[in-house]
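A.B. asks: Letter by letter, the chains look like this.
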Amino acid sequence: MHEKLIFEHSAPGRSADAQYPRVPVEAPVPAALRRASPPLLPEVSELQAVRHFTRLSQLNFSIDTHFYPLGSCTMKYNPKACNQYAMLPEFINRHPLAPESTGQGILQILCELQDMLKEVTGMRGVSLTPMAGAQGEFAGVAMIRAYYKARKDFARIEIIVPDAAHGTNPATATMCGCTVKEIPTLPNGDIDLDSLQAAVGPQTAGIMLTNPSTIGVFERHIDDLRRIVHEAGGLLYYDGANLNAILGKVRPGDMGFDVIHMNLHKTFSTPHGGGGPGSGAVGVSERLLPFLPVPIVGRESDRYRWLDEKDLPQTIGRLSNFMGNTGVLLRAYIYMRMLGRDGMQRVSEFATLNSNYLAARLRVAGFELAYPERRASHEFIVTLRHEAHEWGTNAMDFAKRLLDYGFHAPTTYFPLLVPECLLIEPTETESKEELDAFVDAMIAIRHEAETEPDKLKGAPWTLPVRRLDDVRAAKQLDLTWKAA
Amino acid sequence: MSNIPADLRFQKSHEWARLEADGTITIGISDHAQQALGDLVFVEAPEAGRHVNAGEAAAVVESVKAASDVYSPVSGEVVAGNADLGGQPELINQDPYGAGWIMRVRPDDKTQFASMLDAKAYAAALAAETH
Amino acid sequence: MPFIPHTEDDIRTMLEAIGAPDIDALFEEIPANLRAPGLPGVPPALNEMEVGRLMADFATRDGRPLNFIGAGAYEHHIPSAVWSIVTRGEFYSAYTPYQAEASQGTLQLLYEYQTMMASLTALDISNASLYDGASGLAEACLMAVRANRKSKSQRILLPVALNPTYRDVVQVIAGNQNIAFELLPYDQKGGQTLVSALDQYTGQDITAVALQQPNFFGTLEDVDAATDWAHANNALMIGVVNPTSLAVLKPPGQWGKLGADIAIGDGQPLGVPLSSGGPYFGFMATRKEHVRQMPGRIIGRTLDLDGKSGFTLTLQAREQHIRRAKATSNICTNQGLLVTAATIYMSLLGAKGLAQVAATSMQRTQQLVDALTRVPGVRLAFDRPRFHEAVLLLDRPVKPVLESLARRGIIGGADISARFPSLGAALLVCATETRTLADIDTYAQALTETMRNSAAAA
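Chains as they are written, first to last, in the working numbering: chain Y, 1 to 484; chain B, 1001 to 1131; chain H, 2001 to 2458.
Extracted from the complex, chain Y is given alone in its bound form:
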């Protein structure tokens, strides 16, 4: 299947006139500031545009069409109600700077969302403004820095990051003007506490931790870890990437974390949208409350209003032009109200059940688990090092062949410390039948690897394109279309 570029559907003089203002007028722009020639935008009919973009959509895998066990991304079902009710005309046509008196409904929603997120994380305060997980991380580390600056403890600029951490953790620390120290993970998946003890000191600003970690296991010595970092005067940062695994079971606040970011597009089922918008709300413990990014919704008796720099003079400030990705927040709110207090606990229970079931079945089928002696969390790692060594079929080959079988590939080659790895996260919304079908596909592919390895190395065969030449893409940059 192939779809031409929208520009190749274009013909001079064609247009979708129903979308234009009715009466043409000339723009009264002074000559020196006027645009000389029109931009290269398509000239197509409405039907041509609709057909083109609908066809493009059909070239995608998505949760609505395929099982998407992408580790660390929590690709669960996005309930249709969340979109439907977040798109009510009153919400989507509301200007963010309209007076608070005309937005008491939406402010109440956001305030209740803050409260629910406080409850599920065990934190004292929440700000909804970060527009993505990485911005939430940024806000978190920036708050840690602001905290030490306020205490005039200027030496604390080092952030400790486990070697298995997401790449955003060190990138964020750098953006906040911190230095990064990596510490190793033990062969059993826990953090090496001796290395941590040796790493902390008067320069330690904090540690950034994902728990369960990116290798899919719960850090069992979290109490000791907290003690080491807090005794050294550092703070604990919780990367909420894997919050789905523990929702309602254990709260980051109770584990002693001082700051947390959540990925609402993971745990709270807002859409991934082909790569955004995300939403990275942050939560903090008592001592970081004054530094939360603004604006935050406050309640005064039965009125709601925005709290800003005047209310939080020590805030780290603003991260967006208005108040973050409100439309995403509405979707998360609706999702949380539909789950309720019991449904939220079921999320982690069934995400974990699915993950452990899939791990158990794959192990029985002959696949090697990276951490077989550990209980899987909501995700787990298969290492294909034997398959790579014996048949020359690596993790990428398995991933591409899975596409032919109608499954989106798991996360490959992350975390970096496990060779030839697939990080598999089924989420709670998948049925046993779907998981069984995935296992069947993995078994079939393994058989192909042994008998017809070229079937894997050449995969995918049945998708709109075959494997793409990344080297050519990066060397002969073709980033925009030009008329022939």
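To be clear, the hints were calculated from the coordinates, so they are not data collected in a lab.
Every value quoted in this text rests on a predicted model; they were computed, and no experiment measured them.
Note that the Cβ used here is the ideal one computed from N, Cα and C, for glycine as well.
All clues stand as given, with none of them false.
If you want the footprint, here are the derived chain Y segments under chain H, 3+ residues with CB under 8 Å:
1. 109-119
2. 247-260
3. 314-328
4. 395-405
5. 459-471
For lysine to any residue, the following SDA-like pairs were computed, each having C-alpha atoms within a straight-line distance of at most 25 Å:
6. H/K2257 to Y/P38
7. Y/K457 to B/Q1035
8. H/K2352 to Y/A32
9. H/K2150 to B/E1047
10. B/K1065 to H/G2307
11. H/K2189 to H/L2393
12. Y/K181 to Y/L417
13. Y/K455 to Y/D404
14. Y/K482 to H/L2258
15. H/K2288 to B/Q1088
16. H/K2152 to B/R1050
17. Y/K310 to Y/A150
18. Y/K455 to H/D2306
19. B/K1065 to Y/L416
20. H/K2399 to Y/V294
21. Y/K80 to H/P2002
22. Y/K455 to Y/W391
23. Y/K482 to B/G1086
24. Y/K432 to H/E2016
25. Y/K432 to H/M2001
26. H/K2399 to Y/E309
27. H/K2288 to B/E1047
28. Y/K152 to Y/R124
29. B/K1065 to Y/T383
30. H/K2399 to H/R2374
31. Y/K310 to H/N2176
32. Y/K455 to Y/A444
33. Y/K482 to H/D2306
34. Y/K432 to Y/A444
35. Y/K181 to B/E1056
36. Y/K432 to H/E2028
37. H/K2352 to Y/G13
38. H/K2189 to H/V2160
39. H/K2308 to Y/V471
40. B/K1065 to Y/D163
Since the structure of chain Y is already known, use the hints to place chains B and H on it.
C.D. replies: Here is chains B and H on its own, set in the frame of chain Y:
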């Protein structure tokens, strides 16, 4: 197995260096490094005239899966960057010790070159890294 | 169980396969002292019917007032086709296109988007989007520091007439990187940034100069002179632009003799609803030579194993998941879904339609200014040519006036008095093509009555 010419000096971070007759030092990345990076797609070599310190990131090599800094083993003034790499980064893959050289530096201090690893020590360091 | 498909039978079979007595046993590695007793603070579940009713009640309470605010977010007509396609599950519920072969729809669309934005800004290349315009400017400043090798000072000049929240956000995001931001004043009569204020920096090491076109007041800036000054002084020029305006205004790539180096802005006007503040998206375009300094996702066209053309993420080595602490930015996501909307929007409007939207918005704003300045106690702040916003000065505090208008169902503009105290009681208004002459009339009448019923400042 990667090629480690006996007449070159090395750093643990996989740069090689050669002392030229005119006293300048030619620097590139080792065969092992180019293999680990895979097909290179971009190289940013330093401009002549720039002063670099030993241990400073002086160039960047980039493949589709990784970008890596190239650390100068010596302090000194860059006398030339390899301009051919701009259009042909693959020269490093094809000939890491020859046409794939990255920069030439006039060292401030000749002892820095002398204190680099020799081929044997680099081979030992590589062996240690892979175990 | 909402959104969980398991039957009792499934659960039993799965636990047997795992070898666990019950689901709770799966959490045995969590220390017992940390286990939460439940979530009493979260309300019980609602079904879809109940949640639909709840949301409708909230929405009804907020109503649908007539809006005359811009200030960085603009109410434009959005063709029905846009969101009907955007919310298709294949776009809505897909992830970042890491598996290129399974994401050709999203990738091709992003390539088309990059082409449109590069052309709209008249620059070589565009990324696949950033979070919003404000954070986009912060990223542009960080990028300028990386890209301008001639400059060592990390000094960037920003206009006072820039959207003040953009300045706040830039300070927060780039503030830990030792960049010095210095301010360029504006002309009190015209509202445009004083290019003559650049003279005091001539010959100094300046990393970049940013200018917003149109600026926060809606006034058109002398972009050519500022761009030429920047280049004459080895500084990079950053253009902060409104994408709708680029259909009729000179694009950043053509500013001055050489063109701006980086263009950024908020893409919201291109088919993204106001949505109470977001999600919007930021766009960024630049010259080819700076491509490796550009943050965010970039899509390239290449060939597959059979020699057929296809699309893939490229230049990923710049990004956080590979470069970690040395990445160009910590940014991971773009705003894919909003870019999908913008691409469909631009396809439907085309260059001609977008120019009509821009021209009609300019006309409407002029009509609004004419109508409102006839109201006693209201005058126009600046006399220079503008795009589709204007600052009005009132003879009394703005806030009570806006509250009174809101009670009449009119959102009368943004009160910018606190951010620009030297202006006095200042109101920033906007009328796009979506406002009719009758709407403008309604506003003018309501304002007349409001002003009549409240006292002028002493």
